[in-house]
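Enquirer: Residue-level listing of the chains:
4 protein chains.
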Amino acid sequence: MTEYFKNINKIKFEGKDSTNPLAFRHYDEDKMILGKSMKEHLRFAACYWHNFCWPGSDVFGAGTFERPWLSSGDAMEMAKIKADHAFDFFSKLSIPYYCFHDVDVAPEGNSIKEYVNNFQTMVDVLEQKQEETGLKLLWGTANAFSNPRYMSGAGTNPDPKVFAYAATQIFNAMGATQRLGGENYVLWGGREGYETLLNTDLRQEREQLGRLMQMVVEHKHKIGFKGTILIEPKPQEPTKHQYDYDTATVYGFLKQFGLENEIKVNIEANHATLAGHSFHHEIATATSLGIFGSVDANRGDAQLGWDTDQFPNSVEENTLVMYEILKAGGFTTGGFNFDARLRRPSIDAEDLFHGHIGGMDTMALSLERAAAMIENDVLAKNIAQRYAEWNQDLGKQILNGELNLEQLANFAVSNNLSPVKESGRQEYLENIINGFIYK
Amino acid sequence: MTEYFKNINKIKFEGKDSTNPLAFRHYDEDKMILGKSMKEHLRFAACYWHNFCWPGSDVFGAGTFERPWLSSGDAMEMAKIKADHAFDFFSKLSIPYYCFHDVDVAPEGNSIKEYVNNFQTMVDVLEQKQEETGLKLLWGTANAFSNPRYMSGAGTNPDPKVFAYAATQIFNAMGATQRLGGENYVLWGGREGYETLLNTDLRQEREQLGRLMQMVVEHKHKIGFKGTILIEPKPQEPTKHQYDYDTATVYGFLKQFGLENEIKVNIEANHATLAGHSFHHEIATATSLGIFGSVDANRGDAQLGWDTDQFPNSVEENTLVMYEILKAGGFTTGGFNFDARLRRPSIDAEDLFHGHIGGMDTMALSLERAAAMIENDVLAKNIAQRYAEWNQDLGKQILNGELNLEQLANFAVSNNLSPVKESGRQEYLENIINGFIYK
Amino acid sequence: MTEYFKNINKIKFEGKDSTNPLAFRHYDEDKMILGKSMKEHLRFAACYWHNFCWPGSDVFGAGTFERPWLSSGDAMEMAKIKADHAFDFFSKLSIPYYCFHDVDVAPEGNSIKEYVNNFQTMVDVLEQKQEETGLKLLWGTANAFSNPRYMSGAGTNPDPKVFAYAATQIFNAMGATQRLGGENYVLWGGREGYETLLNTDLRQEREQLGRLMQMVVEHKHKIGFKGTILIEPKPQEPTKHQYDYDTATVYGFLKQFGLENEIKVNIEANHATLAGHSFHHEIATATSLGIFGSVDANRGDAQLGWDTDQFPNSVEENTLVMYEILKAGGFTTGGFNFDARLRRPSIDAEDLFHGHIGGMDTMALSLERAAAMIENDVLAKNIAQRYAEWNQDLGKQILNGELNLEQLANFAVSNNLSPVKESGRQEYLENIINGFIYK
Amino acid sequence: MTEYFKNINKIKFEGKDSTNPLAFRHYDEDKMILGKSMKEHLRFAACYWHNFCWPGSDVFGAGTFERPWLSSGDAMEMAKIKADHAFDFFSKLSIPYYCFHDVDVAPEGNSIKEYVNNFQTMVDVLEQKQEETGLKLLWGTANAFSNPRYMSGAGTNPDPKVFAYAATQIFNAMGATQRLGGENYVLWGGREGYETLLNTDLRQEREQLGRLMQMVVEHKHKIGFKGTILIEPKPQEPTKHQYDYDTATVYGFLKQFGLENEIKVNIEANHATLAGHSFHHEIATATSLGIFGSVDANRGDAQLGWDTDQFPNSVEENTLVMYEILKAGGFTTGGFNFDARLRRPSIDAEDLFHGHIGGMDTMALSLERAAAMIENDVLAKNIAQRYAEWNQDLGKQILNGELNLEQLANFAVSNNLSPVKESGRQEYLENIINGFIYK
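Protein chains in written order, with our numbering: chain E, 326 to 764; chain S, 326 to 764; chain W, 326 to 764; chain H, 326 to 764.
Check before you lean on any hint, since a few could be wrong.
Because identical chains cannot be distinguished in the list, a pair is counted as satisfied if it fits within a single copy or across any two copies.
Unchecked claim - Once the Cα atoms are required to be at most 20 Å apart in a straight line, the calculated EDC-like pairs of lysine to aspartate or glutamate come out as:
| hint | residue 1 | residue 2 |
| --- | --- | --- |
| 1 | Lys721 | Asp355 |
| 2 | Lys337 | Glu675 |
| 3 | Lys580 | Glu532 |
| 4 | Lys565 | Glu642 |
| 5 | Lys356 | Glu642 |
| 6 | Lys721 | Asp399 |
| 7 | Lys746 | Glu675 |
| 8 | Lys341 | Glu700 |
| 9 | Lys486 | Glu747 |
| 10 | Lys746 | Asp673 |
| 11 | Lys335 | Asp399 |
| 12 | Lys461 | Asp413 |
| 13 | Lys341 | Glu641 |
| 14 | Lys580 | Glu747 |
| 15 | Lys551 | Glu452 |
| 16 | Lys764 | Glu642 |
| 17 | Lys337 | Glu402 |
| 18 | Lys341 | Glu714 |
| 19 | Lys764 | Asp342 |
| 20 | Lys764 | Glu641 |
| 21 | Lys565 | Asp383 |
| 22 | Lys438 | Asp449 |
| 23 | Lys364 | Asp353 |
| 24 | Lys721 | Glu543 |
| 25 | Lys746 | Glu391 |
| 26 | Lys417 | Glu433 |
| 27 | Lys746 | Glu714 |
| 28 | Lys335 | Asp413 |
| 29 | Lys438 | Asp676 |
No lab work stands behind these hints, which were simulated from the structure alone.
All of these numbers come straight from a predicted model, not from anything done at the bench.
Make a model of the complete structure from these sequences and hints.
Expert: Spelled out as structure tokens, the structure:
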């Protein structure tokens, strides 16, 4: 147990009437919902980077967080102190999973060899910590965007040596993920994009990225990694335009390189909104395309054009998201990773807990509301009825290719078709949803 | 010659020092640029809908344009009067092409049969007008979004009878396009999208749209239409989310339905910006994916979130667009169609000319500037040099699949790779571009 | 009772477990909250324009609503039929107030004289309808933006005759509002803005608008109108830039023309978001500046850049709005007017009810949640504590002007000030709020 | 002369046909335009912070710039080395002015006393550098946003001790500005805004900020500073909502605190676009309200929602801005400060020059184009004619208050007014502008 978190006890479920800010009001991990426990449904993870690496800095100011593990000191020693605090925090938070980038947990060192050695050492530490605490790894990843060498991309860099450096990190991070029992491996295209078209060869960079993804998939099979490979869409930031813009864009990319059955998406709420989509849209798009994988649970700010990575707090929004996920069968290897960070003025140790508790309660309550929607599935019934004619003669003939354009036009004219309009009933359905949320 | 435009003579090129607002200052149709005339490069088209169908109304107010062809009267008679004015206008504008929707040129009538008959009659009229004036058809299309029957989509409608109605219009519009020598056939997914996910089956609607596109392609081959089939991306408006969101999204759709070699994109500048992209981005994306087809030339307003469809007036923006198009080999069947409309207070006959003259001069000057960039292709040289290492050993081995992830990582570590950063030189390149534009 | 709404009975409160979609689940008009009935707190109004004038058209398509009162026929006769339906609807909705524009209720006619006469006749009709039904008028206004004469503004038109025409409408609408017992008079600057700076004299147009507002205030006092004059901020649409951009902008305008104690703001949720603000922000800004008046209750779509005017359905958002309003003392003459419209495919008579019922329930539940927040006002206590030092020596001396810049600097240096950071506790407070909403 | 810039000679004007990337093609400082030299018109300044303090870091990655003055070392010693490089750079750039924040030039130290001492020492250094080089100070300012103590605001902080700390910095920075002959003093409300309304007292914070601005103005008069006090509007970033949102908002604030004749605005292009306005709009708004002061010349990215601070490169945009400024009489104490920074991958010493050269050439060419517009002022003539009736009887009577609302309405009705619509001619005017830009 660390000194820093010593005043905080393990967070427990106390029920919705609890006034204890350091307790769950809705997340009751063993509560059964539609045949599975909340814990199994939600598969929550906390992240290393926002909680233990980011010092509370922004573009306009220095770090505000005074954390013992961010003090100066021997790099490897500090990495271990950081791990002590991270696992103490994760444990007290009663969260089953965590996620990390390679360089979150180990110092980069001054050379690629030092990087490899430092990382291996720290993976040993993590392995031991997992054993001690029972924490599990939801996913690992490699940070191929923060180091200046990646300023013009990693896989899409004009210099193949930078590609090779990134490949080295990915190789090591995949190995670590497998060793630590990670259930997924994530690729977020940090700087896989362009700053300006004036110096960019779009076709070339796409080929490079396609090859990199293929190498990752081939390696997965080679080493027998059983988890899922995930790409995380984001439209912009840090680069002006990121290639993995949104789910639909990633789908086209996967199709081009024959990877649509090998790679799924890790959807981040805030990235969805930066791309001009609702979070719900991105989830529904992914499930309808068969590439839904996992979620980076956070929220953006509807008035701001950058990644604010706030903790989710809207049950209204997340009930619909959860409904979509449940309808698609729920998570398999994925889960809800809180890729969320405190506001810069939230400087206290307690704030780290408040953020996660709020997020976990929000998602837990959303799960309950969505489960109720499924048990009395008005939406599904309405949709079935709305599209019913597509299961009858004309609809089937069209979809089965039994009618060509001319035949269909002839049919329409000879029957003097005059379709009757039917209400979309949007307001009615919105009221139905609120009836489930505010019951 | 019509009474309405009687005070306006055919617009001619008078050179950049002309002060005649009803003359071209840059568009000199026979001027040779990189081996082709301006006219052949630019392939300008004016549109029927904004110029001859829209009365100057918006959501907050009634039409402001007092046009003789928009008066009340017998529908077919008015359609002919409209055609008289349209072809008088197109001719005086010295524009080689025009574009239309089926219901721009003919009244819908009160039944599908009336629609067919009215349209056939008006296609006869158009054919005669083309012959008289020498005007050509850049593309035709069907309006399957304005009539209330399409309020919930055409191809994506929950009712297959509505799909059949739309198919009838497309069948007729494709036939008309072929008969009138049209060089392309366009599909803009007017209401192919959703208003709310609550009543929408995304997977079902995608299947419907995919089948419709296949039917169109099959029909093209059946009738021997030699033109190009084009889809026009747009992210939203009128529906909340349109399925043909942007070029990258359309690409994924085409790949799914095996249509990526059959259908190209018709990119509209204003749709690009609504999707959160620069116009330049959409063009470059399309050329890099091999699906660039044609352009709806207009501009949006960077501060407004709807389709303002203004006439292009930025040489700075369009020089880069034109450079991209020239680098990709220029238009084949496509062209620049002015899908642009006057501001609602621009009510005079002259204003119709001012809008197009400004747009044509903007694109003509952009062509000249882009041609100069190609003749001294600093951008291309810079790009070749920037990515040069991808043509050498390591780069080739990576792209050719000769190295797997582990081998590449081993190579990087054993060589202790430490790539040297190179400046992206964005500001230098921006200055180079301005040197071409402001010479 | 009208034929059109004959199958719908007066909407009643049935409680949150009701499954009747044509009943209130939360709006129990006589329920007492913090000493006033829900009805008195919320002061709901329905509007004439979206419900009875708009045919379900948009820029891309014709009207979808088949309403008897929108059929063709003698204009005055149709206006009366419309009034019959409007008051039948309002009554069945159990809503206490309504709102209208002059030309919503009466035909414009073919001249200014016809306008005056038509309007007077219809005001007689409205007066009688109010008497029969007990409906009251929350506010009246004049539509000085739809007619083509206003294409370049009303008060800000370059032609003073257009200003005079608008003044005539305002004069008549103010008179009607007074006669009908209206509690407010609203000015929405429909086209008071610019399309392009190239033809606009900003200073001149501001002077014109300032004078118009002064004339309105002078007239109010002259006729002894006891209601409140309200300006409704909107940033854009229909013009590119509207002068009453947001609450802060209106405040500066009022200050310049000495009107800050005479005119308040009517804040619309969707206009707030178009201006880049949260609805909460606009309400809080208005209350903090002392110019909060009334609310146009609706919602926008976070992904769309135009006024979607949807019915409010977020209790999460409106609980904070309601809290702010209650803290400011609640409405005086203002209220919640549903400036909201159905989605275009929601074509049934029932849909008009679903929209309003959902909106009323949303605001009623938000009121309950906000009242609970006030009864245990954690936010207020936290704020009082956070700023407590401003009520002690140093704080008071600064605000009272007892220290000049040099003295304060000397104080800081001589005391070697080193302020201690305190957490802003945002996540904690967000959890507190959710504790009230999801109790 | 510094080692770092030793390979770069003083930048000179070589004319538009020069292919030397390290020469001006348009900025010919002594060229006379409308009776003043380019240098006097443009009053260019380079900034200390982006060029000499920012290391090329962003939220997602570490600094990429390897500058000798950013190495580790004794803080005061490094500050002097930084000053050496800064003045070497400014001199070679042939720029007449520079700008700085207090902590750009001097280390903050570990206490307020150290801060004061360090800053005084460095002001001595700057004074000597100015003397040696002839550089002048356009404006000074205090950075009251980067240090963690300002995480919840400076003047608007809940803790008056933080206010006092900020006041100390402002006091010192104003003194330094006066001593160094600075022509303006700027206040940018770095974190004067809110992160969440949940913990914010808007009215209280506004009072604090109002008092701070009054103290600054009082101090200006007390010390006899002859320059202009400027507030720089920005809508968001770093805080969610900044109080100095845009020019119109600042105007309302100044009016409330009686400061509208004491403080003007320093308009930044990128801040305009973040606020949802065009740069042109903000300039025109400020001149029309009589509060135009100075300009932070840069550009944003139309697709990105954060402050990209790129160098201006659009002659099309800046010609209109320059026209507006010239029409308002040009700068008095203000100027064009390049608050612009390199893209993160632009790591070379030359890139610093390319950015500024491009910006200076852009503004110089824009000045030439705008001057031509003024010499043949079609816009002004068109506007005079468009509003001409406001100088005739009816217009004058309205604006002079000779007609009240009722009298005006009576006039309109008795004359049966029916105003004739006149075209706004936007497209015509846009073509005219392009005729000046592309002559």
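Enquirer: Which numbered hints are broken by the structure, listed smallest first?
Expert: Per hint list: 1, 5, 6, 11, 14, 17, 18, 26, 29 violated.
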